[in-house]
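Q: Place chain X on chain D using the hints.
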Amino acid sequence: DAGVTQSPTHLIKTRGQQVTLRCSPKSGHDTVSWYQQALGQGPQFIFQYYEEEERQRGNFPDRFSGHQFPNYSSELNVNALLLGDSALYLCASSLKAGNEKLFFGSGTQLSVL
Amino acid sequence: QKEVEQNSGPLSVPEGAIASLNCTYSDRGSQSFFWYRQYSGKSPELIMFIYSNGDKEDGRFTAQLNKASQYVSLLIRDSQPSDSATYLCAVNKDYGQNFVFGPGTRLSVLP
Numbered sequence: 001d002a003g004v005t006q007s008p009t010h011l012i013k014t015r016g017q018q019v020t021l022r023c024s025p026k027s028g029h030d031t032v033s034w035y036q037q038a039l040g041q042g043p044q045f046i047f048q049y050y051e052e053e054e055r056q057r058g059n060f061p062d063r064f065s066g067h068q069f070p071n072y073s074s075e076l077n078v079n080a081l082l083l084g085d086s087a088l089y090l091c092a093s094s095l096k097a098g099n100e101k102l103f104f105g106s107g108t109q110l111s112v113l
Numbered sequence: 114q115k116e117v118e119q120n121s122g123p124l125s126v127p128e129g130a131i132a133s134l135n136c137t138y139s140d141r142g143s144q145s146f147f148w149y150r151q152y153s154g155k156s157p158e159l160i161m162f163i164y165s166n167g168d169k170e171d172g173r174f175t176a177q178l179n180k181a182s183q184y185v186s187l188l189i190r191d192s193q194p195s196d197s198a199t200y201l202c203a204v205n206k207d208y209g210q211n212f213v214f215g216p217g218t219r220l221s222v223l224p
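Protein chains in written order, with this note's numbering: chain D, 1 to 113; chain X, 114 to 224.
It is worth saying that the hints were derived from the structure and are not from the lab. Some hints could be false.
[As the list claims (entries may be wrong)] 27 Å max Cα-Cα, derived BS3-like pairs, lysine-lysine:
hint, chain 1, residue 1, chain 2, residue 2
1, X, Lys-206, X, Lys-180
2, X, Lys-169, X, Lys-206
3, X, Lys-180, D, Lys-101
4, X, Lys-169, D, Lys-13
5, X, Lys-155, D, Lys-96
6, X, Lys-180, D, Lys-26
7, D, Lys-96, X, Lys-169
8, D, Lys-13, X, Lys-155
9, X, Lys-180, X, Lys-169
10, X, Lys-206, D, Lys-101
11, D, Lys-13, X, Lys-180
12, D, Lys-26, D, Lys-96
13, D, Lys-13, D, Lys-101
14, X, Lys-155, X, Lys-206
15, X, Lys-206, D, Lys-96
16, D, Lys-26, X, Lys-206
[What the hints assert, rightly or not] Covered stretches of chain D (in silico footprint by chain X; criterion: 3 or more residues with CB under 8 Å from a CB of chain X, positions within the stretch not fixed):
hint, stretch
17, 39–50
18, 101–107
Quick caveat: nothing in here was measured; it's all calculated off a predicted structure. Every residue gets a Cβ at the ideal spot worked out from N, C-alpha and C, and that includes glycine.
Okay, chain D solo, but in the shape it has when bound (with noise of 0.2 Å):
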């Protein structure tokens, strides 16, 4: 049974790039949430989605923006990247929206120089 998986483990980019960050949910999840984790703080709330719509939202600037697909599985999008952004982004996955269980994925490593 797979978990839910990330991708790429490790990215690094410039100031005012943009990037693209990819979360498959687990077998059988149908919600997918993103989470920021600066180093040495807890995981942030981005937001999360749910039959392909953006569902709840963190205090996050538009320039975070996401998707879901129809196989469930979700993009996360940075415009215009700046230094501060530079985190791990952690995926969650459950099995419906409301569910509180929370399963992450191994997270994305973005270093933005």
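A: What follows is chain X alone, placed relative to chain D:
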């Protein structure tokens, strides 16, 4: 005031001892409370959740919730070196998936 606060540690306990991890939260309307374990370089893993005041036990782990004091704790009995990790407290305010995480407490269990 931060929404969810934890002592950053490190908290060091000898093998076999009880480790006590604490968390306070600011939103009195918070509904559910979670503890995640995160090994260095790995993703968070859910270990306990609690909704009601009191204690909830699962194996060597006990979660304690006191909503009046806005306080959540995690006790780890018979601590093992493999328990050495960062423990994240997460609070859910609205039954959605907008969890607010604390900064985590780093636990070190010494053999």
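Q: It remains to establish, for every hint, whether it holds in the given structure.
A: Evaluated hints:
1. Lys-206/X / Lys-180/X: The given pair, whose Cα atoms are some 13 Å apart, holds under the 27 Å limit.
2. Lys-169/X / Lys-206/X: Since the Cα atoms of Lys-169/X and Lys-206/X sit roughly 20 Å apart, the hinted pair holds (cutoff 27 Å).
3. Lys-180/X / Lys-101/D: holds (21 Å)
4. Lys-169/X / Lys-13/D: Since the Cα atoms of Lys-169/X and Lys-13/D sit roughly 45 Å apart, the hinted pair is violated (cutoff 27 Å).
5. Lys-155/X / Lys-96/D: holds (24 Å)
6. Lys-180/X / Lys-26/D: Violated, at roughly 33 Å.
7. Lys-96/D / Lys-169/X: holds (24 Å)
8. Lys-13/D / Lys-155/X: Measuring from Cα to Cα gives roughly 22 Å; hence the hint holds.
9. Lys-180/X / Lys-169/X: Within the cut-off at roughly 14 Å; holds.
10. Lys-206/X / Lys-101/D: holds (14 Å)
11. Lys-13/D / Lys-180/X: violated (44 Å)
12. Lys-26/D / Lys-96/D: Roughly 12 Å between the alpha carbons, so the hint for Lys-26/D and Lys-96/D holds.
13. Lys-13/D / Lys-101/D: Not OK: Lys-13/D and Lys-101/D at ~32 Å, beyond 27 Å, violated.
14. Lys-155/X / Lys-206/X: Cα-Cα ~26 Å, so holds.
15. Lys-206/X / Lys-96/D: Holds - the C-alpha atoms of Lys-96/D and Lys-206/X are around 17 Å apart, at most 27 Å.
16. Lys-26/D / Lys-206/X: holds (25 Å)
17. 39–50: holds (count 7)
18. 101–107: Held - the stretch 101–107 of chain D has 7 residues with a Cβ nearer than 8 Å to chain X, which meets the minimum of three.
When the structure is compared with the earlier hints, violations turn up for hints 4, 6, 11, 13 and for no others.
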